[in-house]
Amino acid sequence: MPSAVAAKWKFAAPPKALAAALAEKFSDRPERVSTKPVDRAIYGRDLWPRELLRLRQGIPPEGPAAIVLAREARDVSDAVSLARELSIPLVPYSGGSGVCGGAFSVADSLLVDLKGLNQIRRIDAKSGLVEAEGGVNGEKLERELNHAGFTLGHFPSSIYCSTLGGWLAARSAGQLSTKYGKIEDMVVSLEAVLPDGSLIRTPEVPRSSAGPDFKQLLVGSEGTLGVIIAATLRIHRYPEHREFFSFAFPTWDAACGAVREVLQQDLKPAVVRLYDEADTQINAAHLKLPIKGILGVFVSEGEKRLTEFEARAVGKVCEAAGGSPLGEAPARRWWDHRYDVSYNLSKVLPNAGMILDTMEVAATWKNLPALYAGVRAALSKGSMMVLCHLSHAYLTGASLYFSVVARAKDEASVLGHYDGLWKGALDAALEAGGTVSHHHGVGRLKGLWMVREHEAFQELFAGVKERLDPKGLFNPGNLGLGMKPSKPVKRAAAKKPKKRKA
Amino acid sequence: MSVQVTSAHLKTLRAIVGDSHATTAEADLLANARDNWPQTIIQVRAGQVEHLPAVVVRPGSAEEVAKVLAYASHRKIPVTPYAAGSGVCGGAIPLQGGISLDVKRLNRILEIDKVSQIVRAESGINGEKLERELNRAGFTLGHFPSSIYTSTLGGWIVTRSAGQMSSKYGKIEDMVESLEIALADGRVVRQRTVPARAAGPDWRALFMGSEGTLGVVTSAALKIHRFPEGRAFASYLFGDLHAGLETFREILQSGLRPAVMRLYDELDTFLAGSSRRKKEGEEETRQNPPDLFEPLYELLRGSVFARPLQFLVGAGASLLPGMLNRVAGLVPKQCKCVLVFEGSPDRCALEKDLAHEIALRHGARDTGEGPAHHWLERRYAVSYRQQVVFDNFAFADTMEVAATWEKLPRLYLSVREALSRHCLVMAHFSHAYPDGCSIYFTFVGAGINREAAQSIYRRTWDEALAAAVQAGGTFAHHHGVGVHKGAFMEKEHGAAMEFLRAAKGVLDPSGVLNPGKLGLS
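Line by line, the protein sequences give chains Y and C. Positions 1 to 502 (the working numbering) are the ones given, in order, by the first sequence. Positions 1 to 521 (the working numbering) are the ones given, in order, by the second sequence.
So here's chain Y without its partners, still in its complex pose:
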């Protein structure tokens, strides 16, 4: 259906000044520029479910006016200088798999598609580092590393449709983060184009005390402070051994207590996942196993004797917490299906009024029970089903991943219903002392709550942004920049769509 709708959309011709400037700047590589309506229709949004709902309603995206298909750093620099000259917004784009509207194109913007910047530049086997360009597809990067005997250890469920640069810009986490960390723990050095057009490369050193670690300001900036061109990341030897094991715990609290004990005994299994009662029953149905209580799946990997030791030690903790061993099957089944979801997100929304979304929050162990109860209660108001699993565990806390299915009373009220669900849940996450995002990022969806989460530090962000990008051209509307907590502003995406009938 969407493709049929999109074929009917008419886009205004891009502004003449932009078309002329692009033609001139890219005269030696005209194939790297597109103003075709079909491209503009496709690049106008990412996988934010709210935008998919709008797509279902046949609403065209606002932008972009033109697309630069970058293949080298110079294409990005040229696009940046052009955006500066013409004072038009610049939106970086790669896999388009973000779920918060971070790659949303406002009207008349210039979009830079980074997927052509996809070279794996170097594998430093001695130091255990890989240097790759930001547009490289996640699965491709991992596969090349595997060929060389290494793993990055980063496995978001979107790995087939997301990129290295997107991971870094949104502070992504993979399914094996308990062992390997989040993407911000893996990155050693960044190459980026700043809003003034300068290309920076942060030092490639293991650790430093030479002033602040500036790369951590670009990581998570979602295109508002710079465009990531390339990065150097730590890699690990491909694990020589893997252990799969599963437990059923009597209660959610007992299961969370076991995971906390595991982490605080300094054990770091690669995969730690707990499913709450509702989610456990769905898993049990798939497994055709009667599982009572809370399902926990675990995977340990690495050097053989360390892995065996770890699996034994984790098993002891689980049993001490009242867990009954379920063997390898549930963990292996999870492993085999671990990338099934992300691809299918858009397909599950065909029916009018239906809403499906996911929410990932995190808190310290002390605040985790309140976070679970608060967010679950908020999401349960106005939804048909709420599932939760704990998917990333740390010494000091954990993240919770909620999946929610809801139905608005009709298609006309679906966006309002959607916004209401999110408002309640994000309020609850902040109320419980948690963060509004563990690994999906902020984009447009959570901007207002980002302001409330960071308070004075958001003012600092706005101030730094103002100095580095005085005209606010880099990915405007993202990360709550320009929003004030006291009087909520209307979100950009909530604006009435402009009719662009020719």
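Hints in this document: simulated from the structure, not taken from any laboratory. Where is the CB? At the ideal position from N, CA and C, for every residue including glycine. Watch out, some of these pointers could steer you wrong.
[Said to hold, decoys possible] Examples of chain C residues toward chain Y, derived with CB under 7 Å: (1) I41; (2) R197; (3) G255.
Since the structure of chain Y is provided, determine the placement of chain C on it from the hints.
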């Protein structure tokens, strides 16, 4: 360019912190006039104090810190934060006079959250005190800089300090969960403590390493670990540095995390061996030196630094570094390695076994547990005693650089070469990571008079710092930047310094916060 601190200013400051906590007594001003930067020690020996604060202010709460900052910002009075004064790069020197803001009264542990394993403590707390209190509660921070008796939590954070067990527990920036900061606009702002997040840039990273140029850290929440149930010790001798470093790399890249990993180059091995008490039944690790070396050996034994300096100075310094380094080249070709493992007894035993196999594969000779035990007993001995070496026109200093494993040999050779032009040099490797390692150089030099000593000191540093950046390393692994290394910030960071300048513009519009540091003009 700085504003005079008048009696009216003093009156206001006293109204904020209390009469007894804003002092202009000469002894207090002198005490806060410098830190442990060897250059200032040379100057003090000559009776010189270049930069004196006008007043030492000792706030008792984060709110008082913020009020002092707001007042200073309004009146354009420079403020240099000060805690234990153990920094070695001049970061706490009040270059423009004004206020020395001493945070040592902010010394409370605010909360130990045993469920989340997070401690919240004020920034002026002494490091050893913090660790001791955590130990009583059954925990450890895992941060053990050799300065632990003379440094503070806040100092660690703003210089991105590393402890001796960093291979297992990380550097301080890996431990910090959230910060509370007093800003120049008079506010105290605190970050939410969460285990991880994807909500924008990580503002902790901006303040860690900012050395008081953007605000004053007043408290922090940090990860803590259960006090280890057990420890295991191992020591080895390698035929050369390369074999030892390859062992380190292999240990870390196979997933092992010893708490302590130390490897000493030939001269450092020799000197450490010569001052080591031999224990009953313990294997002899130091071979007898060749006859030619006996006189130098006699000079060097005892205190690590004192005697060779007398020798250097006594013999007329300019020709000596090259000769001394050549003579030092005659020490036995062996490199000492010390490993300590922490955790459950099972885990320690397994990690030790695996590391042992790796070491033997690289030709190591097992020297038993003794040297590792001995190191642990004496691990804080250096920082206290450093000042004794500054006799006459001599100096001793340390330089900590780091690089990836790929670049490490080049970093070692080029920095060593740069230092050797002017000084007697030795090195050890004490913070190793899966992707690289730091190198800790110790060097001693001298001039025929004070001016010559100072000029040789500066030249030594400038050449060695340039060599570190040139070799693709960082010029500082854990001592920070201060005023000493400020000129090299631009060289290492390039245009990324715009982030620092932008933040400085936002947070310190009147430019009063620790002026002259971190390469900010």
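Verification of the supplied hints:
1. I41: Nearest chain Y Cβ about 21 Å off; hint violated.
2. R197: 4 Å, holds
3. G255: Check passed: Cβ of G255 of chain C comes within 5 Å of chain Y, closer than 7 Å.
When each numbered hint is compared with the structure, a violation occurs for hint 1 only.
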